[in-house]
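Turn these sequences into a full structure, and let the hints guide you.
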Amino acid sequence: ILNVEQSPQSLHVQEGDSTNFTCSFPSSNFYALHWYRWETAKSPEALFVMTLNGDEKKKGRISATLNTKEGYSYLYIKGSQPEDSATYLCAFEGANNLFFGTGTRLTVIP
Amino acid sequence: EAGVVQSPRYKIIEKKQPVAFWCNPISGHNTLYWYLQNLGQGPELLIRYENEEAVDDSQLPKDRFSAERLKGVDSTLKIQPAELGDSAVYLCASSRQMNTEAFFGQGTRLTVV
Chain A
1 ILNVEQSPQS
11 LHVQEGDSTN
21 FTCSFPSSNF
31 YALHWYRWET
41 AKSPEALFVM
51 TLNGDEKKKG
61 RISATLNTKE
71 GYSYLYIKGS
81 QPEDSATYLC
91 AFEGANNLFF
101 GTGTRLTVIP
Chain B
1 EAGVVQSPRY
11 KIIEKKQPVA
21 FWCNPISGHN
31 TLYWYLQNLG
41 QGPELLIRYE
51 NEEAVDDSQL
61 PKDRFSAERL
71 KGVDSTLKIQ
81 PAELGDSAVY
91 LCASSRQMNT
101 EAFFGQGTRL
111 TVV
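Same order as they appear, the protein sequences are chains A and B. Note that our numbering gives residue 98 to position 98 of the first sequence, counting from 1, and the numbers run on in steps of one. Note that our numbering gives residue 56 to position 56 of the second sequence, counting from 1, and the numbers run on in steps of one.
Derived by calculation from the structure, the hints in this document are not laboratory data. On a predicted model such as this, the values are computed, not experimentally measured, just so you know. Certain hints may be false.
Stated by the list, open to error - So the derived label-pair ranges between C-beta atoms look like this:
#, chain 1, residue 1, chain 2, residue 2, range
1, B, E14, A, V13, 18 to 28 Å
2, A, Q14, B, S58, 36 to 46 Å
3, B, L84, A, Y74, 36 to 46 Å
4, B, A2, A, E39, 36 to 46 Å
5, A, G79, B, Q41, 41 to 51 Å
6, A, E45, B, T76, 19 to 29 Å
7, A, R61, B, V89, 41 to 51 Å
Glycine residues also receive a C-beta, built at the ideal position from the N, C-alpha and C atoms.
Pasting the structure below:
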């Protein structure tokens, strides 16, 4: 089992605050790093899939960066809204697997 | 485009009984995953298929769990016999190929009593 770690485990922020989470993963046998958003009672939905060192991707107020040499990725949310409340999962894709971290649970307080 | 379909959504069985879950991936998706998800945890990989070949089943407890993906499309995951600790949500996901996003089904919530 590969070690994919996410921090913090949970986070409460005020509406309008910006926030970020960290995902650390093995730097060897790397194929891709995925970010997913998982709302309660729904299925995880993909936000980004990044493959190249230095990749930066953006979707609306959410963006992510990737450092494959040191094995970490950051997810940023600018101006958090209550609808951003969810668990954010990262996943390391190797040659034959896709391993998830335990997630960061974000609660945005109105 | 239809999403990943799993059935049943919920299943309650007594310990030592067998149980099976079914997954129909998105059409054209070669890669299929089965995950186990316990409350408060991230999905744990059980098995990954590329077409009909299981390319990683190292996390599948083979003494009681089995999986198949006949013809590289639908897949079934079986537990025989089920134990109390198997109570969890079983998620199926598919992707078109490597390095592309995975699409998840709604999951099957298994309760073993």
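Hints and how they fare:
Between B:E14 and A:V13 the beta carbons are some 44 Å apart, a value that contradicts the proposed interval 18 to 28 Å. For A:Q14 and B:S58, the hinted distance range of 36 to 46 Å is satisfied, since their beta carbons lie about 43 Å from each other. One distance hint, 36 to 46 Å for the beta-carbon pair B:L84 and A:Y74, holds here, with the actual separation near 39 Å. For the pair B:A2 and A:E39, the beta carbons lie near 20 Å from each other, so the given range of 36 to 46 Å is not met.
For the hinted restraint 41 to 51 Å between A:G79 and B:Q41, the CB-CB distance of approximately 30 Å leaves it violated. For the pair A:E45 and B:T76, the supplied restraint of 19 to 29 Å holds, since their beta-carbon distance comes to about 25 Å. One distance hint, 41 to 51 Å for the beta-carbon pair A:R61 and B:V89, is violated here, with the actual separation near 29 Å.
Hints 1, 4, 5, 7 from the list above are not met by this structure, while the remaining hints are.
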